[in-house]
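Q: Read top to bottom, the protein sequences are chains A and B.
For the record, in the first sequence the residue sitting at position 225 is 332 according to my numbering, with numbers rising by one throughout.
For the record, in the second sequence the residue sitting at position 378 is 380 according to my numbering, with numbers rising by one throughout.
Source of the hints: derived by calculation from the structure; they are not laboratory data.
Using N, Cα and C, we set each Cβ at its ideal position, and we do this for glycine too.
It is possible that some hints are incorrect.
[Stated by the list, open to error] Distance condition first, Cα-Cα at most 27 Å in a straight line; then the derived DSS-like pairs of lysine-lysine:
#, chain 1, residue 1, chain 2, residue 2
1, B, Lys75, A, Lys256
2, A, Lys302, A, Lys336
3, B, Lys431, B, Lys454
4, B, Lys83, A, Lys256
5, B, Lys201, B, Lys315
6, B, Lys490, B, Lys438
7, A, Lys300, A, Lys401
8, B, Lys194, A, Lys256
9, A, Lys297, A, Lys280
[Unchecked claim] Covered by chain B, according to a simulated footprint, are these stretches of chain A (three or more residues, beta-carbon under 8 Å):
#, region
10, 208 to 219
11, 253 to 263
The residues making up each chain are set out below.
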Amino acid sequence: MGLPKLPWRSQSALLIFSFFFFLSSVSIFSSPVAASSSSYSTMHNNNWAVLVCTSRFWFNYRHMANTLSLYRTVKRLGIPDERIILMLADDMACNARNNYPAQVFNNENHQLNLYGDNVEVDYRGYEVTVENFLRVLTGHHETAVPRSKRLLSDEGSHILLYMTGHGGDEFLKFQDNEELQSHDLADAVKQMKEKHRFKELLIMVDTCQAATLFSQLHSPDVLAIGSSKKGENSYSHHLDSDVGVSVVDRFTFYTLAFFEKLNMYSNASLSSLFNSFNPSLLMSTAYHRMDLYKRPLNEVPVTNFFGSVMKTIHTDSAYPGIFGKHSREQIETTLGSANSNANQGTSKSMINQESGNSNLDMKSQSGSSFLGKLERFSFITKKKKKVLASQERKALYLLFQ
Amino acid sequence: MDLRCLCLLSLLLLSLGFPPISALGSVAGTDEDFTEELLLKPLPDRKVLSHFHFETSAPHTSVYGRHHRIFPKAVYQLVHKFRIREIELSFTQGRWNYERWGGFDSLSSQNAKPPGVELWASFDVPPDEVDLTWRNLTHALSGLFCASINFLESSTAYSAPQLVPRFNLSGIRYGSLPREAVCTENLTPWLKLLPCRDKAGLAAILDRPSIYKGFYHSQRLHLVSSEFGPNEGVGAGIILVQTLTTVIQPDFQSTDEISLQPSWSISSIFGRKIPGQCVLARLSNVFLELEKGLVVELEKLGLEHVNMKGLSKNPIFELSGTPDRLVGEVSQKSSVFYEFNVNKYAVDDPLDLGITWKLPMVWSCLLAPFHATRFLMGSGNERGSIAISLRSLHSDLGLPSSEFESSPLAKHGCTVRVVIFQVVPWYVKVYYHTLKIFIDGKTYVLSDVIEKMHVSPSEDKLSPGMMEIIFRLPCDMRSATIIVDFDKGFLHIDEYPPDANQGFDIPSAIVSFPDFHASAYLTDKSLSNESLLLFRFQEKNHVQSYTEVLLVPLTTPDFSMPYNVITFTCTVLALYFGSLLNVLRRRVGEEERFLKSEAALKPGLLPKLLTKLSAKLRRKSPESPQPPSPSPPSSSSFVSLRLLLKVILVAVLAIVWHYYLNDN
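Build out the structure end to end from the sequences listed, making use of the hints.
A: Here it is in structure tokens:
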């Protein structure tokens with residue numbers, strides 16, 4: 108794939124440039140940004156999704172259909188089942204009232220069975236409680252709880268948290284029995300941040316007055332979008348007369364309409380998703396809170412959260428080791444090597460810049476102009492692998508594959 | 003790329019090289035083995051039973067090591083982590099119809115399961131660690147099978163039976179969740195334990211909507227391990243049996259002939275055909291069973307022996323495809339199995355076994371000695387009784403009935419043993435001393451009919467009530483009813499489930515008949531090499547049946563009660579104190595004087611009326627001749643207010659007096 112093959116001279120010039128840039132960045136950012144850069148020191152290297160349907164009872168069919176639609180979408184875009192925590196508060200697929208056993212539809216044309224053949228539900232029925240939900244987020248589990256029921260994310264994870272159900276001003280009802288309050292959510296997110304359980308978190312809520320649920324959030328790197336503002340209701344999209352109930356909510360319906368056009372390789376950004384919500388179609392105002400989020404939304408691809416697409420760095424030489432919190436020690440060692448064999452050290456120092464500096468990270472992400480060494484890369488495609496393998500002396504490192 | 007090619011090549015070579023070895027090795031128990039089989043059986047009530055049987059076995063670890071190419075790793079790790087000797091887990095929806103689908107054959111006694119999830123396991127751990135191991139196992143299984151099996155972790159949910167013949171093992175725990183939903187997400191991980199998953203072989207026809215629209219489906223996993231315990235190293239290591247039993251109503255193809263049994267085929271039931279066998283399977287067979295009742299009826303119609311020769315030109319039914327073998331039972335007039343080997347079929351030539359009926363047939367199935375039902379008696383939210391009723395289905399269980407006419411207690415004559423095992427959650431407080439038994443409508447002394455009893459009463463929020471009783475009932479009895487009373491308990495407001503108003507489930511009771519064994523005596527002795535499904539049928543199975551799940555409505559609190567109480571109390575207090583304060587602070591004389599002075603200053607219409615009113619209120623003679631209409635109610639309200647004040651004062655005095663007296 109289009110890695111520009113630079114002549115040796117320009118390579119070395121770039122190398123020297125990058126070396127100086129690197130030195131300056133180290134001197135600037137060495138002491139004061141220690142705390143804040145810790146989250147940026149780790150690259151985005153895995154994706155998780157927590158999808159929650161909080162409503163029980165048959166007439167809330169649409170909430171389960173919402174959640175399963177998102178489940179299907181994130182699975183299609185590349186998040187594997189073991190990294191999806193799916194919580195469904197009731198059994199609609201095999202419900203006695205369901206005319207179509209083992210099938211759930213989100214459209215009256217019945218073209219797509221959301222339940223499919225390989226659905227894996229992690230928490231279901233009575234297990235979907237506020238307590239379990241907060242345990243999943245914060246990771247406080249009993250020791251016996253199996254891995255498939257845990258959110259095993261780390262500081263390099265992008266997490267999509269999708270919730271749907273009945274809610275109100277600053278709360279979301281679970282099972283028509285208990286409530287999750289905006290303070291609870293904010294506390295859980297704060298704990299997650301402190302325990303380095305995510306790099307970036309996207310909270311998406313489809314409920315009445317969804318925006319109020321975000322009001323208490325104050326942790327950095329959190330982006331939140333809700334289906335409606337305070338005082339607004341979120342409405343269902345349409346009724347399926349064969350199933351007998353409404354099958355999808357408006358906000359989710361138009362979210363899905365946006366995603367159905369995409370595949371793993373699309374570059375659609377979050378801002379294009381957020382702008383796609385039309386208040387007159389939604390009958391409510393989709394509200395996104397982005398004061399806690401630092402990256403510009405038009406540069407963040409939706410596949411960063413809804414898929415498992417991340418940046419991949421390929422280097423000339425062997426992988427230098429895990430870079431993370433301790434990268435600064437490594438910097439010293441790799442400096443020497445970059446000096447000594449200037450021909451090959453380009454990418455090494457590149458990696459260290461990546462890990463050490465957030466600004467650089469963004470710059471390099473914006474295009475191939477910066478050395479052309481970075482590329483957004485989906486880690487599953489064999490085609491690309493082959494092409495890359497053919498490029499001489501370019502090794503591909505699939506991070507945390 | 004070269005490496006991958008090599009790997010593939012070697013895998014191919016291995017898979018090519020293994021079948022003969024495994025075929026030999028399985029007999030000696032030195033290699034892993036996988037077989038897949040499917041049994042299809044027309045049922046008397048126009049439905050079709052399909053029973054999938056997958057059996058995977060691994061040799062003992064000391065012989066074979068820890069690495070397996072077929073045996074699922076997840077299960078192997080489970081066995082070793084929790085030192086499991088035997089485990090059975092079933093996911094079921096629907097109720098097995100013992101009267102129409104059979105109650106005395108191996109299939110029903112093994113595969114008829116109670117609704118929801120049933121789990122029992124026996125561990126090879128010290129007795130004090132069994133509970134802990136069980137708890138950890140439930141969590142592990144809940145993760146593995148996408149179900150809330152972890153609710154069996156609580157000590158209020160499981161028990162340790164001793165007398166039920168099937169649970170005659172040490173270190174056993176039993177629990178069931180009657181309301182657990184069973185759907186695709188439970189089948190997905192179950193299929194992933196198979197070496198070919200649902201991509202090839204018999205499992206490829208498992209179309210989810212077809213399975214779940216049926217009348218009954220039960221997905222079962224039974225594992226026996228000889229990895230631990232006294233006979234360590236003996237036998238076949240771990241044997242994992244996975245079965246899926248479904249009862250499906252085939253679509254009627256022609257509406258004009260209602261009296262005919264519906265004609266069906268695999269593709270009409272499941273919507274798919276069998277695309278050949280799973281290449282990793284040693285055996286891959288499909289059987290069509292004609293049960294005893296049907297064979298008898300067929301012979302009555304002149305079809306002497308339902309053998310291979312007569313099959314092609316018989317006037318009653320027609321099979322699509324020719325069977326490879328006929329496996330019949332030893333005794334005549336018993337069920338027969340037509341065997342179809344799947345290895346002859348491929349994706350472009352799939353197997354689509356079906357049966358077309360030409361003449362109407364009516365037959366009955368094998369029935370259990372007793373039909374067991376359970377129901378609730380009594381009304382109201384305070385107390386009730388559980389009744390288990392046994393109805394004899396055979397008139398000739400043993401000796402003629404005349405022997406028992408003289409002696410009411412069948413002590414010396416023919417008796418039948420019946421084991422009843424029932425677990426009741428703690429909030430249904432069963433009083434075991436109220437146990438009564440009625441045989442043919444007459445009360446019996448319990449000690450005369452009970453052989454052995456193991457009862458552990460429930461403890462609130464600690465353990466469920468468990469009852470295991472071995473009854474000795476006379477053979478000739480027509481019906482027996484066992485009744486036990488209970489009180490309904492209260493849960494804490496936080497302990498109610500979100501749908502508490504639906505009621506609470508009491509898990510199915512097990513009614514077991516240790517004197518009766520359902521086992522097929524088949525002609526072929528070497529079945530373990532040819533069909534493990536039939537081999538399992540030949541084993542001695544205790545006949546048992548499950549009763550219904552009971553739904554007990556408990557008193558549910560008004561969940562919005564705290565809010566209601568607060569608002570209601572506040573309203574009452576506000577009304578009381580408001581009016582009291584008003585009455586206490588009001589000085590009527592002052593007001594009158596004030597009004598008079600006002601009237602003197604500004605004699606308008608309204609003040610005049612007011613003075614009139616106040617005069618009225620004080621019951622002075624009215625100065626003006628016309629009486630205002632609203633005066634009577636207002637005056638009465640004032641009087642009643644005064645009266646109310648007096649009553650309240652008296653009441654307060656009385657209360658104070660009462661408390662004063664009480665304190666003394």
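Q: If a hint holds in the structure, say so; if it doesn't, say that too.
A: Hints, one by one, checked against the model:
For the hint linking B/Lys75 to A/Lys256, the alpha-carbon distance of about 19 Å falls within 27 Å, and the restraint holds. Restraint check for A/Lys302 and A/Lys336: the C-alpha separation of about 31 Å exceeds 27 Å, so the hint is violated. Among the hinted pairs, B/Lys431 with B/Lys454 is consistent with the structure: their alpha-carbon atoms are about 22 Å apart, no more than 27 Å. At roughly 19 Å between alpha-carbon atoms, B/Lys83 and A/Lys256 fall within 27 Å of each other, so this suggested pair holds.
Of the supplied pair hints, the one linking B/Lys201 and B/Lys315 is violated, its CA atoms being roughly 37 Å apart against a limit of 27 Å. Note on B/Lys490 and B/Lys438: the hinted pairing holds, with a Cα-Cα distance of about 19 Å set against a maximum of 27 Å. Simply put, A/Lys300 and A/Lys401 have alpha-carbon atoms about 15 Å apart, close enough for the 27 Å limit, and the pair holds. Simply put, B/Lys194 and A/Lys256 have alpha-carbon atoms about 18 Å apart, close enough for the 27 Å limit, and the pair holds.
For the proposed pair A/Lys297 and A/Lys280, the alpha carbon gap of about 21 Å is at most 27 Å, so the pair holds. Evaluation of the coverage hint for the region 208 to 219 of chain A: fulfilled, as 3 residues show C-beta separations to chain B shorter than 8 Å, against a requirement of three. For the region 253 to 263 of chain A, the stated coverage by chain B holds: 4 residues have a C-beta nearer than 8 Å to a C-beta of that chain, and at least 3 were required.
Checked against the numbered hints above, the structure violates hints 2 and 5; every other hint is satisfied.
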